[in-house]
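Visitor: Top line first, the protein sequences correspond to chains P and X. Using this note's numbering, the first residue of the first sequence is number 1, and each one after it goes up by one. Using this note's numbering, the first residue of the second sequence is number 189, and each one after it goes up by one.
Hints listed in this document are in silico derivations from the structure and should not be mistaken for laboratory results. Incorrect hints may have been included.
DMTMM-like, lysine to aspartate or glutamate: derived pairs with alpha carbons at most 20 Å apart [unchecked claim]:
#, chain 1, residue 1, chain 2, residue 2
1, X, Lys348, X, Glu316
2, X, Lys199, P, Glu178
3, X, Lys338, X, Glu316
4, X, Lys414, X, Asp219
5, X, Lys352, X, Glu320
6, X, Lys414, P, Glu179
7, P, Lys96, X, Asp261
8, P, Lys64, X, Glu268
9, P, Lys96, X, Glu196
10, X, Lys361, X, Glu320
11, X, Lys199, P, Glu62
12, P, Lys96, X, Glu268
13, X, Lys414, P, Glu65
14, P, Lys186, P, Glu140
15, X, Lys383, X, Glu315
16, X, Lys383, X, Asp441
17, X, Lys199, P, Glu85
18, X, Lys234, X, Glu201
19, P, Lys3, X, Glu193
20, X, Lys382, X, Glu320
21, P, Lys19, P, Glu45
22, X, Lys199, X, Asp216
23, X, Lys199, P, Glu86
24, P, Lys19, P, Glu178
25, P, Lys96, X, Asp422
26, X, Lys464, X, Glu452
27, P, Lys59, X, Asp441
28, P, Lys64, X, Asp240
29, X, Lys414, P, Glu45
30, X, Lys414, P, Glu60
31, X, Lys234, P, Glu94
32, P, Lys30, P, Glu86
33, X, Lys382, X, Asp422
34, P, Lys64, X, Asp190
35, X, Lys234, P, Glu140
36, P, Lys168, X, Asp190
37, P, Lys3, X, Glu201
38, X, Lys349, P, Glu94
39, X, Lys414, P, Glu86
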Amino acid sequence: MNKQLIVIGASAGGISALKTVLSGIGDFSKLPIAIVLHIMEKESELPKLFQNFIEIRVKEAEDKETIQTGHIYFAPPGYHLLVEEEGTFALSTEAKVNYSRPSIDLLFETAAEAYTDRLVGILLTGANEDGARGMKRIEELGGTVIVQNPETAYCHSMPKAAMEMVPKCRVMDLEAIEEYIAGLAKGR
Amino acid sequence: MDGQEQLETEKIEVTLFLEAVHLKYGYDFRDYSRAHIKRRLIRRVKLMNLSDITRLTSLVLYDPEVFRQVLSDFSINVTEMFRHPRFFRDLRTEIVPILRTYPSFTIWHAGCSTGEEVISTAILLEEEGLLERAKIYATDMNGAVIEVAKEGIYPAQDIKKWTKNYHESGGRKSFSDYFVVNYDYAILNQRVLKKITYLEHNLVTDGRFIDADLILCRNVLIYFNKALQNRALDLFRDSLLPGGFLGIGSKEDIRFSSVGDAFENAVNCQKIYKKKIEEIR
Ligand SMILES: C[S@@+](CC[C@H](N)C(=O)[O-])C[C@H]1O[C@@H](n2cnc3c(N)ncnc32)[C@H](O)[C@@H]1O
Numbered sequence: 001m002n003k004q005l006i007v008i009g010a011s012a013g014g015i016s017a018l019k020t021v022l023s024g025i026g027d028f029s030k031l032p033i034a035i036v037l038h039i040m041e042k043e044s045e046l047p048k049l050f051q052n053f054i055e056i057r058v059k060e061a062e063d064k065e066t067i068q069t070g071h072i073y074f075a076p077p078g079y080h081l082l083v084e085e086e087g088t089f090a091l092s093t094e095a096k097v098n099y100s101r102p103s104i105d106l107l108f109e110t111a112a113e114a115y116t117d118r119l120v121g122i123l124l125t126g127a128n129e130d131g132a133r134g135m136k137r138i139e140e141l142g143g144t145v146i147v148q149n150p151e152t153a154y155c156h157s158m159p160k161a162a163m164e165m166v167p168k169c170r171v172m173d174l175e176a177i178e179e180y181i182a183g184l185a186k187g188r
Numbered sequence: 189m190d191g192q193e194q195l196e197t198e199k200i201e202v203t204l205f206l207e208a209v210h211l212k213y214g215y216d217f218r219d220y221s222r223a224h225i226k227r228r229l230i231r232r233v234k235l236m237n238l239s240d241i242t243r244l245t246s247l248v249l250y251d252p253e254v255f256r257q258v259l260s261d262f263s264i265n266v267t268e269m270f271r272h273p274r275f276f277r278d279l280r281t282e283i284v285p286i287l288r289t290y291p292s293f294t295i296w297h298a299g300c301s302t303g304e305e306v307i308s309t310a311i312l313l314e315e316e317g318l319l320e321r322a323k324i325y326a327t328d329m330n331g332a333v334i335e336v337a338k339e340g341i342y343p344a345q346d347i348k349k350w351t352k353n354y355h356e357s358g359g360r361k362s363f364s365d366y367f368v369v370n371y372d373y374a375i376l377n378q379r380v381l382k383k384i385t386y387l388e389h390n391l392v393t394d395g396r397f398i399d400a401d402l403i404l405c406r407n408v409l410i411y412f413n414k415a416l417q418n419r420a421l422d423l424f425r426d427s428l429l430p431g432g433f434l435g436i437g438s439k440e441d442i443r444f445s446s447v448g449d450a451f452e453n454a455v456n457c458q459k460i461y462k463k464k465i466e467e468i469r
């Protein structure tokens with residue numbers, strides 16, 4: 001199992017925010033990233049969208065797939081993405097959580113239990129409250145919690161909700177998050 | 189107790205819970221996705237205002253009602269008519285022409301939940317003039333959803349979504365031809381319902397019971413670990429006639445499973461596989 005994992009959640013305004021925070025990675029990453037981005041339930045173009053500008057493997061997470069370094073995984077639309085203790089993904093079609101499937105909370109909570117203090121949770125722009133409980137769980141288990149600065153976020157409700165639940169989280173602008181992720185990817 | 193220590197303890201509690209349920213009720217969830225099982229258990233613990241999973245273990249041992257509740261929690265019943273229309277389009281355009289050449293054929297829906305998927309297939313066959321030739325079995329481990337399916341009565345609120353799916357799947361008639369809509373409920377046409385045999389069957393513990401030409405098992409395998417997925421897939425391979433078809437969920441895969449070599453992709457289909465006809469040596 002990988003030593004570390006980054007999980008990212010984003011909703012309204014998320015595509016552009018994600019493009020920014022991922023743009024510093026370059027073509028090699030020492031750790032995997034798993035992402036839930038709320039979008040409409042249809043065939044996902046997301047991996048393609050992001051494949052263009054990052055030269056590492058971007059793909060939809062598959063059921064029972066082993067989480068690997070150098071990969072960026074997106075939750076498939078219409079399915080919840082869960083992380084198993086042994087470092088594999090599982091999918092689920094259980095009811096929507098926070099009106100969302102995939103739900104950020106579900107990814108964050110299960111990833112927190114699997115990776116404990118080796119998990120980094122990053123919550124970006126969004127117009128709902130998904131992700132806040134997940135961030136809380138990451139913090140409880142010793143992981144790192146980073147929230148996009150609501151002042152500069154496209155939509156502030158999601159980061160704000162997380163800040164209320166996890167007052168001690170680190171609040172950063174997109175550029176700072178980009179640098180932070182790039183640092184982790186290069187193993188700094 | 190700190191967070192990580194509690195996590196370790198919960199892991200033990202989940203294992204003991206599943207052992208208890210297995211020993212007492214014979215239902216074996218030990219090879220289900222643990223992340224999924226734990227989530228459902230924690231949710232139940234909270235809903236019942238219990239302090240931990242161990243309390244739930246003692247309750248489930250003494251109260252079959254609690255077991256039925258947990259069974260429902262584990263069995264994710266979310267489903268819809270013509271779910272993932274592309275699948276039913278493939279079925280209609282690629283598989284139906286083959287079934288048409290058979291005087292009669294057998295279909296098995298495994299993990300049918302409340303029956304929406306089964307009805308979708310039945311409607312499709314009816315439109316193709318093949319329903320009379322079909323024997324349709326539909327099974328689930330959860331007796332409660334089987335009872336709902338047998339009634340053939342569905343909440344009408346989702347009809348819009350069904351209709352959209354139905355047309356995207358290549359349906360040509362009006363979806364309402366098959367239902368009597370009565371305020372809040374849509375009641376399935378008896379002629380269609382009568383063609384379906386609903387049975388309780390557990391993919392973990394029960395064996396082969398028919399020879400099928402087509403098996404559908406969608407959005408069930410994702411709740412299993414690899415070993416259990418392989419068990420179920422072995423059962424499907426053994427229950428299919430040579431040249432028979434297996435349809436799975438849009439995010440499920442058999443490439444890296446124990447039956448990967450026994451099947452090939454059905455022509456032009458996304459998630460339908462054909463059991464190879466073994467060469468006679
Ligand atoms: C998400 S539903 C899928 C319904 C339908 N096939 C669809 O795709 O819309 C999953 C169903 O699988 C059933 N199931 C889970 N484990 C099972 C097992 N071991 N044997 C039989 N059915 C099982 C559950 O009870 C539930 O009704």
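Visitor: Are there hints from earlier that the structure breaks, and if so, what are their numbers?
Guide: Hints 1, 2, 3, 5, 6, 8, 9, 11, 14, 16, 25, 28, 29, 33, 34, 37 not satisfied by this model.
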